[in-house]
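Enquirer: Sequence:
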Amino acid sequence: PDISGVDVLKGIKKINRDIPVIMITADDAVKTAIACMKAGAYDYVIKPFNFEELKIVVDKSLETATLKSEFRRLRHEQEVECQFENIVGKSKSMQEVFGMMTRIMKSEATTVLLQGESGTGKDLIARAIHYGSARKEKPFMEINCAALPEMLLESELMGHEKGAFTDAKAAKKGLFELADGGTLYLDEIGEMKTSIQAKLLRIIEDKRFKRVGGTQDIEVDVRIIAATNRDLVTAVKERNFREDLYYRLKVIPIELPPLRERREDIPLLVRFFIAKFNKEFKHNLKGGSKEVEELLINYHWPGNVRELKNVIERAIILESKETILVEHLPAEIRSGQISGEDSSDFELKIPPTGISLDRLEENLLKQALSLSGNNQTRAAKLLGLGRDALRYRMKKTGLLK
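When you line the sequence shown up against the working numbering, it's residues 18 to 418, in that order.
Incorrect hints may appear among the rest.
Derived pair list, reagent style BS3-like, types lysine-lysine, alpha-carbon separation capped at 30 Å [as the list claims (entries may be wrong)]:
#, residue 1, residue 2
1, Lys383, Lys338
2, Lys27, Lys55
3, Lys153, Lys190
4, Lys48, Lys107
5, Lys413, Lys210
6, Lys85, Lys30
7, Lys299, Lys85
8, Lys210, Lys179
9, Lys293, Lys326
10, Lys303, Lys293
11, Lys72, Lys155
12, Lys227, Lys186
13, Lys267, Lys107
14, Lys383, Lys326
15, Lys338, Lys293
Label-pair distances were calculated between CB atoms; the ranges are [to be verified]:
#, residue 1, residue 2, range
16, Lys413, Leu218, 45 to 51 Å
17, Lys267, Leu335, 41 to 47 Å
18, Gly230, Ser110, 42 to 48 Å
19, Leu374, Leu218, 43 to 49 Å
20, Lys109, Lys216, 35 to 41 Å
21, Leu374, Glu278, 15 to 21 Å
22, Lys267, Leu374, 27 to 33 Å
23, Leu169, Val268, 34 to 40 Å
24, Gly180, Arg288, 55 to 61 Å
25, Asp24, Leu169, 52 to 58 Å
26, Lys109, Arg288, 56 to 62 Å
27, Gly304, Gly28, 53 to 59 Å
Don't read these hints as lab results, they were simulated from the structure. Values in this document were obtained by computation on a predicted structure and should not be read as measured data. A virtual CB, placed ideally from N, CA and C, is assigned to each residue, including glycine.
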């Protein structure tokens, strides 16, 4: 023949690079094997061959092709879900956010600081920035800085070498290494301990770090997007957050407005979530009654967009017809209940039979934690407390072990 097996392989890969190709050859030279693999072969088998061994190679190639296809499908779904268009808002404050995001996507700015209450969509903004930027083909990694103790957080971020600590049975890459070329999203950065803040600052400035227990410098190219619902200016004044790190993170700050400050976006968000959950649950809900729309617009939304999303999901599950009615809404929305921030004239009357102050305190703590999505900083704000005072009361009532 006028064409070699390697040439046929190259031709197949030009038509469809995802087709797994197994080369069968009588040439056992290393040079031939290297040429096949460079041209895109999944594997190669040398004649004469055992059919049982060939079957194993074929099965593995098909399994690998299936996994690659599933990975591409999931990646595409994630990219679509995180597109700019899935962030809803026509209010002036959100248009300013969109304008800032567009500029960030076009640049290679290293750090972005997202500030806003819990539930305002900081994680969605972070993903949209990543998938709308030149880094979109690289990994998007994320971690909640409040969810892990100090030593474990450092290990998760920077990785560790074998034997670095008691349970370090093998070396492990950290999120900075895994996110190389892409984006690392640090949620609740305000809860990070100052000792790790110092190491984070060095990584941002030097673009290199050492694993826990390691001696070798590892260079990385990572865009950091940090998010917080804390007032970092106050945290800096109270020496709970490093001033130099704050200004290094605040290269490009984005302030996300609470939902109560952009009420004109609520009808748009309602329609967006109805369409989303109609598709997910195979329903055909048209919308809400006029009274429902008024209640949703006038409600204070302490949990912001996340709370609204949960309310619509609940309503669609409960409603089997076409319209959301008042009875499908949670009690606090039906009653027009306001949050602690608007409750200066609130008065609690003790019933004639009396009331347990301890049980009342526990109930209020549970409500605040529920409304804030278990975010202690936000729950403390709802109750007019500091975070330490909230944690003290949670321990006292058995809500924090």
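Enquirer: Hints first: check each against the structure and report whether it holds.
Expert: Going through the hints against the structure:
no. : hint                           : result
1   : Lys383 with Lys338             : violated, 33 Å
2   : Lys27 with Lys55               : holds, 10 Å
3   : Lys153 with Lys190             : holds, 21 Å
4   : Lys48 with Lys107              : violated, 62 Å
5   : Lys413 with Lys210             : holds, 25 Å
6   : Lys85 with Lys30               : holds, 16 Å
7   : Lys299 with Lys85              : holds, 29 Å
8   : Lys210 with Lys179             : holds, 24 Å
9   : Lys293 with Lys326             : holds, 10 Å
10  : Lys303 with Lys293             : holds, 12 Å
11  : Lys72 with Lys155              : violated, 34 Å
12  : Lys227 with Lys186             : holds, 18 Å
13  : Lys267 with Lys107             : holds, 26 Å
14  : Lys383 with Lys326             : holds, 21 Å
15  : Lys338 with Lys293             : holds, 17 Å
16  : Lys413 with Leu218: 45 to 51 Å : violated, 36 Å
17  : Lys267 with Leu335: 41 to 47 Å : holds, 43 Å
18  : Gly230 with Ser110: 42 to 48 Å : holds, 46 Å
19  : Leu374 with Leu218: 43 to 49 Å : holds, 45 Å
20  : Lys109 with Lys216: 35 to 41 Å : holds, 39 Å
21  : Leu374 with Glu278: 15 to 21 Å : violated, 35 Å
22  : Lys267 with Leu374: 27 to 33 Å : violated, 43 Å
23  : Leu169 with Val268: 34 to 40 Å : violated, 28 Å
24  : Gly180 with Arg288: 55 to 61 Å : holds, 56 Å
25  : Asp24 with Leu169: 52 to 58 Å  : holds, 53 Å
26  : Lys109 with Arg288: 56 to 62 Å : violated, 20 Å
27  : Gly304 with Gly28: 53 to 59 Å  : holds, 55 Å
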